Amino acid sequence: MIGNLAVVLFDGVAFGMLLFVLAVGLSVTLGLMNFVNLAHGAFAMLGGYVTVMITRELGLPFLWSLPAAFIVAAVVSVAFERTLFRRLYGAGELNQVLFTIGLVFVSAATAAYFFGTGQQPIQMPSFLQGATEIGGLRFGSYRIFLIIIALVITGLLVAGLEYTRFGAQVRAAVDNQRAAKGLGIDVDTIFAITFALGSGLAGLGGALAIEIVGLDPSFGFHYLVYVLIIVAVGGLGSIRGSFVAALVLGICDVGGKYFVPEIGAFLIYLLLIAILFVRPQGLFGKR
Amino acid sequence: MGVGETVLETSAISKKFGSLEVARDVSIALPRGARHALIGPNGAGKTTLINLITGQIKPDSGRIALEGMDITGLPVAARVRRGLTRTFQINTLFPDLTPIEAVTLAVCEREEISSQFWRPLTAQTAAIDEAFGILKQLRLADVATQTTRHLAYGQQRLLEIALALATRPKVLLLDEPAAGVPKDESAMLFNVISALPEDMTILFIEHDMSIVFRFATQIIVLVSGGVLVEAPPDEVRNDERVREVYLGHSHAH
Amino acid sequence: MSDSTVPASNPPSGPPSNPHDWLRRQRRWSWYEIGFWVLAFVPFFFFPTYLTLASSIAITALFALSVDLVLGYAGIITLGHAMFFGLGAYSAGLITKAGWGEPLTGLLMAGAFAAFIGFLSSFIIVRVQHLALLMITLGLGFLTEELANTMSWLTGGTDGLQGVDVWPVFNTFEFDLWGYTAYSYALAVLFIGLLVARRIVHSSFGLSLRGVRENLTRMPAIGSPYRRHLQIVYTISAGMAGIAGALLTHTTETVSLDSLSFQRSADVVVMLILGGTGRLYGAILGAVIFMVARDQLADMNPQYWYFWIGLLLMAVVLFMPNGILGGLARLVKGRG
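Protein chains in written order, with our numbering: chain A, 23 to 309; chain B, -8 to 244; chain C, 852 to 1187.
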């Protein structure tokens, strides 16, 4: 029973870490520019399909595809941002939501057209397959890999934000955009770079997700809801918030499905509503 | 002009944002029919004080009383219903409503008939007539049916005041009513203000000293969140400390 | 405060138009409105094979109307309004299963139940904004869907509610296979719904809602208890959505989980953007366009539907942010 609990907890943490990688980019860009980018889910999906293409068509190993997923998602997202999204910065939440949802629709249909609607199988390198034994319990090797990668990314993000000049500028711009501009910070470029990084992480998340939850054209929608929950509950612009919220959501989701499958999802939504009612700005958000 | 009853009173209002003190122990008392001006250098905390008095921000300490009744804990709308209204320095209007609609809205809210979703607006003739009367009072009758976003800036500033008047305020706080309005129009604006009922208590923030000295019967000088001086115009004009604050300020630039 | 020396019927001198007249003109029925309702009878005579589609369009239009009240007029962005549609649908079905199959009273009871739930949720809704509000409406919608799925002993779960038996309307009009009764019924209820919405929108209450949408900060500054207003409109809207759901139950004699689905909530918001928010008829037009397009493209691969509707959505937001009706209105007026 304790063994079960440990494995469920472990799976929950792994899922949470995956969700964190998927969500953190949206939290930062929402906090930075207040642009509701629901197409974030589409960029994640893009990263997934890039990985599929690279491993299947080009025959390259899975690990090589990860940076590719990141880069492609980052580049494509910035292209959209520079051409289309910026026209909507003052357009109001509803318009932003609907425009980006339209983009998700289009990308889902495009993915279905090129790849079909089925799940995409993918080949893992052997050292990531199967399970590793620790302390008498068997833990999935891929999940261990996932947790490590996510922690490394978290470390890089936090360090980058705390200790680099760019990070300081991002923090300033999140805190008070007008004042930051007044200090001569090029908020425009900051945003483009942050947007690219955030979407790139989404793409990376999409690539990492294939082995855990699979990939099909509805990925953009399905995981968008998870991401939005994390961003709202964690608080806009807060990496710490996204981390905590993702962890809690991951554990509750996996734990719920395992222990109380009938009402698991119901409880999650109830918790979401309760938290947002008491703290609308999220656990670690301001304003 | 003489010693009248105190209509609005603040007692030792203080507020800090982090380590920034935006209000320091501010105690002012407005008698009925006052025409007080609130002046001070930029960043002195004048708008913040109005926000504190109207309830938009909560003070850290101190009391606010309207006609003797403690209103410190009341939300903004409750204070408005008791007769304390303000205008905004930056136009806070309804862009797609027409002036007649906007002022009628304010009148209906005051009369608490806004929940009557089954009655056509056109049936609320008394409210519409009153709204139109206010617009006439503020020389806005001609543009009553023009969308607010298409009004001239000066007219929009007048609409700001019209909305406030529709609440039948006992105390009216005007935050830079002539902000951004060209000189010739601002004189007209203040003529409108001076034509307001004598028993209405008015406190206005203003930067233009000629207007202040023309219309105010008492001046409160606010510096760094605290009251430096409160006195009739002539005394303030000659006060050394006030000179220093303004001249010293311009030296710094 | 009117000038007592001037008789009320004389317009005051100076201003180009008497405010009373101008306000009266705002709520007059335009020729386009009348034209629309005349056209609504066309399916009876010229497209009798499409009557079932027509009645589902009418039902969706009523649902869209209810969302326009909260989204277009009060500015509450909701992605979970299908919960009220579904609650109305299920309660209508359960009422017939309990033995009372009379449609009109069933409609009112289902609407009342949905309105009640709307009233309860309004306490939360009016206290949050922006992303938190969006997520809460989303969460409430998903919550209701989960609940319906889990309580399959009551709702039939994924199989849906079986054995819904609706009595004839006014005890004479049976629900025929062609759909004459269904469409008449749905169209009549839609018309009544529109009349109600029209009344609300052109009242002082409607003016308050527009005030909330136009500038929320100013509302408390004029002493408005705007939260109470929002609760009222949210409750009415929930009731209207519930009635639309009940209509679906009555005309199809089934209820399924997709009456509560997120898909339905999202589709209706898409319809509002297409047609134009805050115009009532924009909601109806959006529903017509969306449903007709989907019906025509349904034969095609469903993926194509998503592609084109996504593209249309992006185009409308970029180039016609006031929706198609807004764009048309500008054309008709000659200038913006």
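I should point out that these hints are in silico values taken from the structure, not numbers from a laboratory. Hints should not be assumed to be uniformly reliable.
Claimed, not checked - Simulated pairs of lysine-lysine, DSS-like, Cα-Cα distance not exceeding 25 Å:
1) A/K203 <-> A/K279
2) B/K174 <-> B/K127
3) A/K308 <-> B/K7
4) B/K161 <-> B/K127
5) B/K49 <-> B/K127
6) A/K308 <-> B/K127
Treat the numbers as computed from the prediction; the structure is a model and nothing was measured.
Hints, verified against the model:
1. A/K203 <-> A/K279: violated, 47 Å
2. B/K174 <-> B/K127: Given that 25 Å is the threshold and the Cα spacing comes to 22 Å, the pair holds.
3. A/K308 <-> B/K7: holds, 17 Å
4. B/K161 <-> B/K127: holds, 21 Å
5. B/K49 <-> B/K127: Roughly 36 Å between the alpha carbons, so the hint for B/K49 and B/K127 is violated.
6. A/K308 <-> B/K127: Violated, at roughly 45 Å.
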